[in-house]
Structure formats: structure tokens, C-alpha cells
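Each chain, written out:
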Amino acid sequence: MNRRNFFSGAATAVAAASVSRVALAALPEPATQSSADTAPPLHPPTGRPYNPVVTLNGWTAPWRMNAGVKEFHLVAEPVVREVAPGFMVNMWGYNGQSPGPTIEVVEGDRVRIFVTNRLPEHTTIHWHGQRLPNGMDGVGGLTQPAIQPGKTFVYEFVARRPGTFMYHPHADEMVQMAMGMMGLWITHPNVGKGATHPHIAKVQRDYAFLLNAFDVEPGSMTPKVNTMLDHNIWCWNSRVFPAISPLVARQGERVRIRVGNLTMTNHPIHLHGHEFEVTGTDGGPVPKSARWPEVTTDVAVGQMRQIELIADEPGDWALHCHKSHHTMGAMGHSVPTMIGVDHRGLVGKIQKIVPDYMVMGERGMADMGAMEMPLPDNTFPMMTGTGPFGPLEMGGMFTTLKVRADQPAGSYADPGDFKQPSGNQAYEWQGAAANTPRPVRTDTPGTAPGAASARKPATGTHQH
Amino acid sequence: MTTARRLSLLATAALLAGCASVSPDGLRGDVTALTAGRTAGVPQAALPAMAPAARAQAQQSIDHWLAQPLTQDAAVHIALLNNPGLLARLAALGVADAERVQAITLPNPHLTLGRFTTSQEREMERTLAFGLLDLITLPWRTARQAERLQIATLQTAQDVVTLAADTRRAWLRAVAAEQVAATHERMVEAAEAGAELARRMAQVGNWSRLQQAREQVVLHEATRQRARAQLAAATEREQLNRRMGLWGQQTQYQLANQLPPLPAAALPADGIEATALRERLDVQAARRQLDTQATRQGWSRAGAVFGDIGLAYSRNTTTERATGSSDIKRGWEIDLPLPLFDWGGAARTRAQAEVEQSAAQLQDTAVRARSEVRAAWLTYRTALDLARQQQAEVVPLRQLIAQETTLRYNGMLASVWDMLTEARNSTQAVANAIEAQRDFWLAETDLQLALTGTSPGALQGLTSGAAASTTPQGH
Ligand SMILES: [Cu+2]
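Those protein sequence lines, which keep their order, are chains E and L.
With the first sequence counted from 1, adding 1 to any position gets you this note's numbering.
With the second sequence counted from 1, adding 2 to any position gets you this note's numbering.
It is possible that part of the hints are untrue.
Not the full set, but computed from the structure, chain E residues with beta-carbon under 10 Å of chain L [what the hints assert, rightly or not]:
{"#": "1", "residue": "E122"}
{"#": "2", "residue": "M332"}
{"#": "3", "residue": "K350"}
{"#": "4", "residue": "G388"}
{"#": "5", "residue": "P389"}
{"#": "6", "residue": "G391"}
{"#": "7", "residue": "L393"}
Derived, one-sided and incomplete: chain L residues facing chain E with beta-carbon distance under 10 Å [unchecked claim]:
{"#": "8", "residue": "A58"}
{"#": "9", "residue": "E123"}
{"#": "10", "residue": "E125"}
{"#": "11", "residue": "M126"}
{"#": "12", "residue": "L130"}
{"#": "13", "residue": "L134"}
{"#": "14", "residue": "L135"}
{"#": "15", "residue": "D136"}
{"#": "16", "residue": "E191"}
{"#": "17", "residue": "R202"}
{"#": "18", "residue": "G413"}
{"#": "19", "residue": "S417"}
{"#": "20", "residue": "A425"}
{"#": "21", "residue": "T429"}
Hints are computed from structural coordinates only; laboratory data are not their basis.
We treat Cβ as the ideally placed atom computed from N, Cα and C, and that holds for glycine.
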């Protein structure tokens with residue numbers, strides 16, 4: 002598990018609180034981020050107050066106030082993202098990272114975003130889910146000319162509706178998203194002091210991440226942009242287990258998790274040990290009467306799901322995509338199943354030809370999680386990660402929700418492994434061994450219905 | 003005629019014929035000198051000796067060479083000592099030498115004795131006669147025969163260098179074929195493992211018959227190629243055996259297990275044509291042939307006109323039967339053909355044509371030598387580049403691919419069969435590298451032969467030219 006300091010590497014730029022008028026006439030200095038770690042929540046130094054979100058393995062962009070307008074500067078550029086320690090991927094992102102910084106504003110804010118293009122090709126930014134003037138929607142060719150390399154465009158609109166949104170290019174969109182260009186946008190509700198929004202609850206923990214997927218050939222560094230579905234690196238915020246930060250909560254806190262999907266397939270996001278409700282989508286908050294309890298919610302392509310729960314069960318609870326291959330690292334999709342194949346007498350023979358050969362998969366693939374075998378350079382293993390009781394055999398869209406009775410409020414420090422109370426953990430049976438007679442095995446391969454007489458039965462030479 | 007005068011006459015004749023003695027070593031020393039530095043990289047290659055003791059010693063050396071892994075130098079040594087064809091060729095040179103001596107030895111004078119009786123007289127007639135032309139033309143003929151023998155020696159020397167080159171080539175092919183056969187053994191082992199694992203996969207139901215069949219076919223292909231490689235190794239070895247003149251127990255030798263490494267630098271192409279024209283034995287032989295024909299032109303005129311000049315000395319004794327008194331009649335007699343019908347024009351024309359023929363042949367040989375050495379150098383250079391590419395680039399790349407595939411197998415990104423396939427490909431690259439290395443050394447052998455020895459075609463061309471001359475050269 003990732004025990005790295007949860008908050009190492011804060012954003013390198015701070016929000017500019019007081020800037021001279023002359024400086025305000027110029028472009029805002031773009032902030033850049035060099036770390037893939039989770040940055041602490043950015044409490045608003047200026048503008049309307051709100052409770053900030055925590056972007057998993059990401060950060061929130063600082064802004065400057067210019068005559069009442071919140072100004073951000075996004076720089077579209079090539080980046081090298083640490084998807085996991087030792088696994089670097091050439092991506093395109095914003096301000097040093099993929100995904101780009103989260104933009105947090107308050108309902109009713111006038112927002113001006115400067116977008117500078119440092120990519121080798123043109124780009125735009127589409128503000129997914131927002132109410133805005135059509136000319137600010139960022140669809141290259143349709144609502145604006147694309148931003149050419151080296152150019153800066155300005156988007157400006159009022160964040161009219163509270164909710165969770167995304168931003169991503171709408172110019173050479175498939176390639177640019179396959180390269181990692183995307184970011185989160187949170188519009189906090191504008192409520193007065195002490196008041197609450199009728200459909201948007203106050204929460205103690207507010208987490209946000211995007212689902213994104215890449216196809217990185219083992220031993221290489223750059224995603225294959227033409228892969229449609231057969232991706233091998235399934236990420237949350239361009240990060241894979243065990244490098245995804247855990248979500249932490251003090252027992253009894255209300256926790257919100259915002260999940261947006263910019264991959265090309267759906268992801269059933271599943272939480273252990275708790276029920277939750279979907280309290281909002283990118284369409285806005287869900288009326289309380291329309292919510293129902295779930296332990297898994299499917300986030301379809303291009304959708305945002307905002308779930309909320311009371312973290313009242315202490316422990317380390319798995320939070321993951323329920324498509325089992327999405328919690329795996331790089332896989333060989335054409336590797337045949339080796340289960341049950343007797344390798345006796347062959348190992349030495351193969352080792353004579355390939356000295357480093359070891360039997361794998363004879364019993365299943367769990368060997369892979371335990372064995373530390375040399376892999377190609379810059380290759381994220383198919384399964385990895387170790388917990389207090391052994392290998393987790395995961396990788397990809399997996400992390401944990403750590404609920405502790407003694408987690409200080411507002412602290413996001415990793416509390417470490419959960420200490421299981423005695424009598425509350427599965428244990429090995431110490432009595433007599435189980436008597437489990439096996440069913441009679443049929444060793445003859447089956448035949449297709451109706452095809453039994455189509456082929457003459459083999460005589461004599463059949464190997465079985 | 004006094005006894006003294008008679009003796010002096012005989013002495014002159016003996017002197018003239020003096021240079022006409024048979025070479026005691028059958029000219030092998032001359033051949034050895036000509037082939038020095040030209041026998042496929044072996045500096046001091048001995049030829050079969052005439053003396054039985056030396057031959058026994060040579061046999062001992064051969065047994066010694068065969069007792070250890072056979073190097074290419076040892077193979078060339080053995081071939082030059084033991085190849086029966088070469089032995090025959092050297093013997094033929096000895097025959098040619100004897101023929102030369104015979105050709106320039108003065109014909110024995112004719113002694114004619116007659117005894118005639120009439121009723122009165124008894125007449126004893128003694129005539130000592132010999133052909134004058136032979137005597138007059140002796141220096142010419144001596145020189146010409148010597149030149150002819152030089153040509154024959156040069157041609158035998160070419161046989162020696164050709165055999166040396168052929169032996170080296172056979173050794174290179176045999177060693178390479180044996181190494182390649184060993185790589186096929188490895189490829190079959192990889193295919194066997196794959197096929198057996200495939201059988202077990204199908205047995206437990208993880209694979210279909212189709213998938214299994216594909217791996218079985220791979221195994222059959224590998225064994226097919228191994229059979230061919232093994233046959234090639236055996237036949238190449240037999241080629242080498244033939245060059246070395248070996249049979250029976252002697253063929254049980256062990257071959258060296260590696261070809262010589264590639265040289266660090268290639269021979270430069272500068273001056274190769276000049277070297278070939280200066281050094282090549284076939285060019286030298288053609289030049290000598292032209293010299294001989296030119297010299298012969300002068301002799302042919304006299305010979306054609308004065309075909310057979312005879313000189314005879316007669317001493318006739320007539321004895322009267324009644325009285326017993328004798329009368330001795332002495333006298334010289336000269337016999338000259340009258341050039342009424344044949345003024346030697348045809349013979350002169352023929353000689354002239356023969357000079358032209360030889361000149362053209364020399365030019366032909368020179369042009370061929372220049373072209374051959376250029377082609378040989380290009381082949382050599384290309385073969386070196388290709389061998390280096392295979393050895394320094396392709397084999398490491400193939401090994402890298404195999405290693406990387408193993409790493410992918412470790413990560414369950416590739417299958418055992420992918421790994422075995424790459425192991426086979428890697429081994430095939432090694433086999434290709436061995437063949438490229440062999441091809442380089444074959445090209446190097448050809449280049450050396452083209453530079454300082456001869457070309458395989460040149461021998462035939464010169465042989466037909468020599469056969470056109472009047473006296474057979476002992477081929
Ligand atoms: Cu998924």
C-alpha cells in the first residue's frame with residue numbers, strides 16, 4: 002500500500018491575493034505542479050467562501066481576483082506523469098500534470114479562464130456540463146476556431162449552476178483525451194452563512210477524481226492513442242493502485258465522492274462496508290426523493306456521479322471499479338490459460354533453452370502477485386500491492402476508504418493499516434479437515450448440440 | 003680423323019645435351035617455390051616428396067594433425083600431401099620433365115655398316131650419319147623446352163593453389179555446417195517443449211486440437227530442418243575428406259568447433275589489380291606462353307625450309323680379294339632438301355598465328371584477372387559487412403527480443419510459446435551469423451586466390467592453349 006506522505010508536494014504557486022493593476026492587465030502567471038501526490042484542500046483566500054474538495058493525486062488551481070472576476074490560467078502541454086512510482090507515462094495535460102488542476106468556483110462566480118496552447122497541435126477546452134454562452138462551449142470548429150500552438154484564448158462565463166463538472170479538449174478530442182487531457186470543475190453552492198442548500202448537504206470530506214484509461218505497451222512510455230477499448234492502464238486521475246491515495250475519514254463523518262468518467266467504457270464503482278446514495282450527477286443535485294441506497298454505481302462514459310455516505314464502519318474498505326480487469330495492470334490478453342497443465346519434466350527442458358524460465362499460471366495467476374520477477378522497463382505489473390496480510394493482487398482502479406474513530410477532523414494523513422479487533426476477523430479452521438468429495442469428472446470434451454454424428458468418433462488414436 | 007678429334011666431337015655433343023638432365027625431385031621444389039604464400043593462407047605447405055622416408059614422415063604428420071581438432075591450416079597441409087589427384091599432377095610434371103630431356107637430347111648418330119663382295123673385291127662400308135638440323139637448332143630447342151616446362155610447372159603450381167583454396171573452402175563449409183546443425187538441435191528442443199506443453203494443454207481442455215496442431219507442425223518443421231542440416235554437415239565433411247584424400251579410419255577425425263573470427267579491418271582495395279597482374283600464376287603462365295611462341299617463330303622458319311639436313315661421314319674399305327690389298331675411301335656427305343615446293347610459308351604463318359593466339363590469351367587472362375579481383379574484392383567487402391551486421395547487430399537484437407519476451411512472460415504479457423518462438427528465432431539468427439561468417443571466409447579465400455593465385459576458369463583456358471602446341475606437355 003502507498004504509505005507515502007499524503008500531502009507531500011503542495012502546489013508550487015499560491016493564490017495571488019493582492020496584485021497591482023498593471024499586473025492585472027497582463028496574463029495571470031500560470032501555476033504548475035511537479036508532484037503526483039494529493040495536494041491539501043485549497044481553502045479560498047479570496048472570493049466567496051466554500052468547503053474545498055480533495056482531488057485524489059491532484060490539486061486545485063490557484064486563481065486571482067480581477068475586478069470581481071476569478072481568473073485562472075491553464076496551459077495545455079506535454080507532461081511526464083508518474084502513474085505509479087517507477088512507471089512514467091508521456092502524457093498531455095495542463096500545468097505540469099495529467100489530469101489538469103481542479104477548478105473550484107462558487108455558484109454565481111464570473112470566471113475567466115486563459116488557455117495557452119503549448120501542444121504541437123491545436124486544442125480547445127470544452128466545459129462539460131456547464132450552462133454557458135454557446136460561444137464559450139469550446140467545440141473546435143463549431144463554436145470557436147481551435148487554439149493554435151503558441152496561442153492563448155480566453156473563456157469567460159458565470160458559473161450558474163452548482164455541481165461537479167469536467168473539462169477536456171474538443172479538438173482532436175480522441176487523441177488528446179487518450180493522452181490524458183482532462184480536469185475537474187467543482188461549482189460549490191452559494192449559500193449564506195449557516196444556511197444549507199436544499200439538495201446539497203454539508204460534508205466533512207469531499208473527494209473528487211476522474212476515471213481515465215491508457216494503453217501503454219509494456220516497455221514503452223507513450224500511450225497508444227488509437228486503442229479504443231483494450232486499454233491496459235486503468236486510472237483514477239492518471240494514477241493506479243497502489244499509487245492512488247487512500248480516502249480517509251473519521252468515524253461518523255459524511256463523505257462525498259465525486260467520480261467522472263472520461264474513458265471509453267463504463268465503470269461500476271463499488272464501495273465495501275457502506276451503503277451510499279448518488280446525490281448528484283453532472284446534471285445537478287438529485288432530489289432527496291429520487292435517491293436510493295447502493296453499494297455500486299455505474300459511471301457511464303462522459304458521466305459524473307456524486308455519491309455520499311456516512312463513514313460509520315471503522316476499517317480499511319476497498320473502493321474500486323467492479324470490472325475485475327480494471328483492477329489489473331498490464332495484461333497479455335492472448336496469453337493462454339495454463340491452469341491445470343502439468344509441467345513436470347518440461348521445466349528443465351525449457352530452462353535449457355530459456356535459462357530464466359519459471360513455471361507460471363499452472364495453478365492460477367496468483368503467482369504473479371507474489372513473485373518479484375524482472376519485467377520490461379517502465380512496465381506496470383498486472384497485479385501488485387501488498388497489505389498487512391499479503392499481496393493484494395490488484396492494480397488499476399482500486400484504493401481504500403480508511404475509516405478510523407481517532408482520525409482528527411480535517412486531517413488527511415494516512416492512518417496506516419487497520420488494526421482488526423480480536424474476534425472480528427476471518428480465521429483458519431483448526432478442526433478436522435473438510436470432507437469434500439469431488440464430482441465425477443468427465444474427461445471427454447463435449448460436442449456441440451446436434452453435432453454428435455457430424456464427425457466420426459476417433460478410433461484408437463485418441464489421446465485421452 | 004684422330005681419336006682426339008673424335009673425342010672432342012663427342013664431348014661437344016655431350017655438352018650440348020648437358021643441360022638436358024632430369025630434375026631429381028620431379029620439379030616439386032620449383033612448384034613449392036611458386037606456390038609459396040599462395041596456398042590458402044598456409045605459409046609453408048609441403049608437397050609430397052619422392053623419397054619413401056620423407057613420405058613416411060609426411061604420413062606421420064597427417065596422423066598427428068588428424069588426432070586433434072582439425073584446423074583449416076592442417077586441412078590444407080593434409081590435402082597438399084595426400085590428395086591423389088595432386089600426386090598424379092605432380093607425377094605428370096615429372097613425366098613432362100623427362101620428355102623435355104628426351105626432346106633436347108641429340109638423336110643418336112646412325113652407323114651404317116655394309117659388306118659387299120664381288121668376284122674381285124670385298125668392300126666394307128661404314129657410314130656415321132646424323133641429322134644436322136637437330137644440332138643447329140639445339141640451343142633454340144633447349145630454351146623452348148625449358149620454357150614449356152616452366153609453363154607446365156606454373157600450371158601445376160596453379161593446381162596446388164587451387165587445391166589449397168578448395169580445401170580451405172571445404173573446411174569452412176564443413177565446420178559451418180556442423181555448427182549450424184548444432185543450432186538446429188537447439189531449435190528442435192525448443193519446438194519439442196512447445197509441442198509437449200501443447201499436448202498437455204489440449205489434454206486438460208485448455209486448448210483445442212487446432213491450437214495443439216499448430217505447435218505440432220512447428221515441431222515437424224524444426225525436425226525437417228534439422229535433418230537437412232545434419233545431411234549438409236555430413237556431405238560437406240565428405241567434400242573435405244575428398245580434398246584431403248582420406249578414407250577409412252582416417253575420416254574419424256574431429257573438426258575444429260569454430261570458424262576463425264572476423265578480421266578487425268578489411269583489406270584495402272588499393273592496387274589490387276596491379277597485385278593480381280604481378281602475382282597471379284595464370285598471368286605468369288600466359289606471359290611465358292607468349293615468350294615461347296615468339297622464340298619459336300625464328301626456329302620454325304629454318305625448320306620449315308631445311309626440314310631435314312643430314313650430315314654423314316663415310317669410310318669405305320675395299321679389299322681386293324685376290325691380292326688382299328686394301329683401299330680406303332673416306333668422305334663427307336651432306337643431305338639437303340631442295341625448297342622447291344615448300345618455302346616454309348605455311349609454317350611461318352602458323353607460327354605467326356600462334357604468337358597472336360598467345361598474345362590474345364595473355365590479354366584475355368589479364369582482363370579476366372583484373373575483373374575477377376575486382377569482383378572478388380567487392381564480394382569480400384560485402385560479405386564482411388553482412389557478417390558483421392549479422393554478428394554485431396542482428397544476433398544481439400534477436401537476443402534482446404528473446405530476453406524482452408522472457409520479461410513479458412514474467413509479467414504474464416506473453417506465453418511460453420512466444421518465449422520458445424523467440425528462442426528459436428534467436429538461435430536461427432546465430433545460424434545465419436555462422437553462415438555469414440563462413441561466406442566471408444569463402445569470399446576471403448576467393449579474393450586471395452584471385453589476387454595471387456589463379457582463377458578456376460583460367461586453368462582450362464590455358465590448358466587448351468597449351469594443347470594446341472605440337473608437343474604434348476604431359477597433361
Ligand atoms: Cu472499470
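Hint check:
1. Residue-level restraint check for E:E122 is violated (minimum Cβ-Cβ distance to chain L is 31 Å; threshold 10 Å).
2. With a cut of 10 Å, the hint placing E:M332 at the interface with chain L holds, because the nearest CB-to-CB distance is about 7 Å.
3. With a cut of 10 Å, the hint placing E:K350 at the interface with chain L holds, because the nearest CB-to-CB distance is about 5 Å.
4. Taken as an interface hint, E:G388 does not check out: its beta carbon lies about 21 Å from the nearest beta carbon of chain L, beyond 10 Å.
5. For E:P389, the shortest C-beta to C-beta distance to chain L is roughly 25 Å, which exceeds 10 Å, and the interface hint is violated.
6. With its C-beta approaching chain L no nearer than about 19 Å, E:G391 sits outside the 10 Å limit, and its interface hint is violated.
7. At about 16 Å, the closest approach between the beta carbon of E:L393 and any beta carbon in chain L exceeds 10 Å, and the interface hint on this residue is violated.
8. Interface restraint check: L:A58 against chain E, minimum CB-CB distance 48 Å, threshold 10 Å, status violated.
9. Interface restraint check for L:E123: the shortest CB-CB distance to chain E comes to about 111 Å, outside 10 Å, so the restraint is violated.
10. At its closest, the beta carbon of L:E125 sits 106 Å from a beta carbon of chain E; the interface hint therefore is violated under the 10 Å criterion.
11. Violation of the interface hint for L:M126 is found here, the shortest Cβ-Cβ separation to chain E being roughly 102 Å, above the 10 Å cut-off.
12. Against a cut-off of 10 Å between C-beta atoms, the interface hint on L:L130 is violated, since the closest Cβ of chain E lies about 92 Å away.
13. Hint status for L:L134: violated, given a least beta-carbon distance of 87 Å to chain E, over 10 Å.
14. Hint status for L:L135: violated, given a least beta-carbon distance of 83 Å to chain E, over 10 Å.
15. Hint status for L:D136 relative to chain E: violated, with the closest Cβ pair at about 80 Å, above 10 Å.
16. Because the closest C-beta pair between L:E191 and chain E is about 6 Å apart, less than 10 Å, the hint holds.
17. For L:R202, the suggested interface contact is upheld, since its CB lies about 5 Å from the closest CB of chain E, less than 10 Å.
18. Interface restraint check for L:G413: the shortest CB-CB distance to chain E comes to about 4 Å, inside 10 Å, so the restraint holds.
19. Contact between L:S417 and chain E, as hinted, is supported at the beta carbon level, the nearest pair being about 5 Å apart and thus within 10 Å.
20. The interface hint given for L:A425 holds, since its Cβ lies 5 Å from the closest Cβ of chain E, which is under the 10 Å cut-off.
21. Residue-level restraint check for L:T429 holds (minimum Cβ-Cβ distance to chain E is 8 Å; threshold 10 Å).
The structure is inconsistent with the numbered hints 1, 4, 5, 6, 7, 8, 9, 10, 11, 12, 13, 14 and 15, although it conforms to all the rest.
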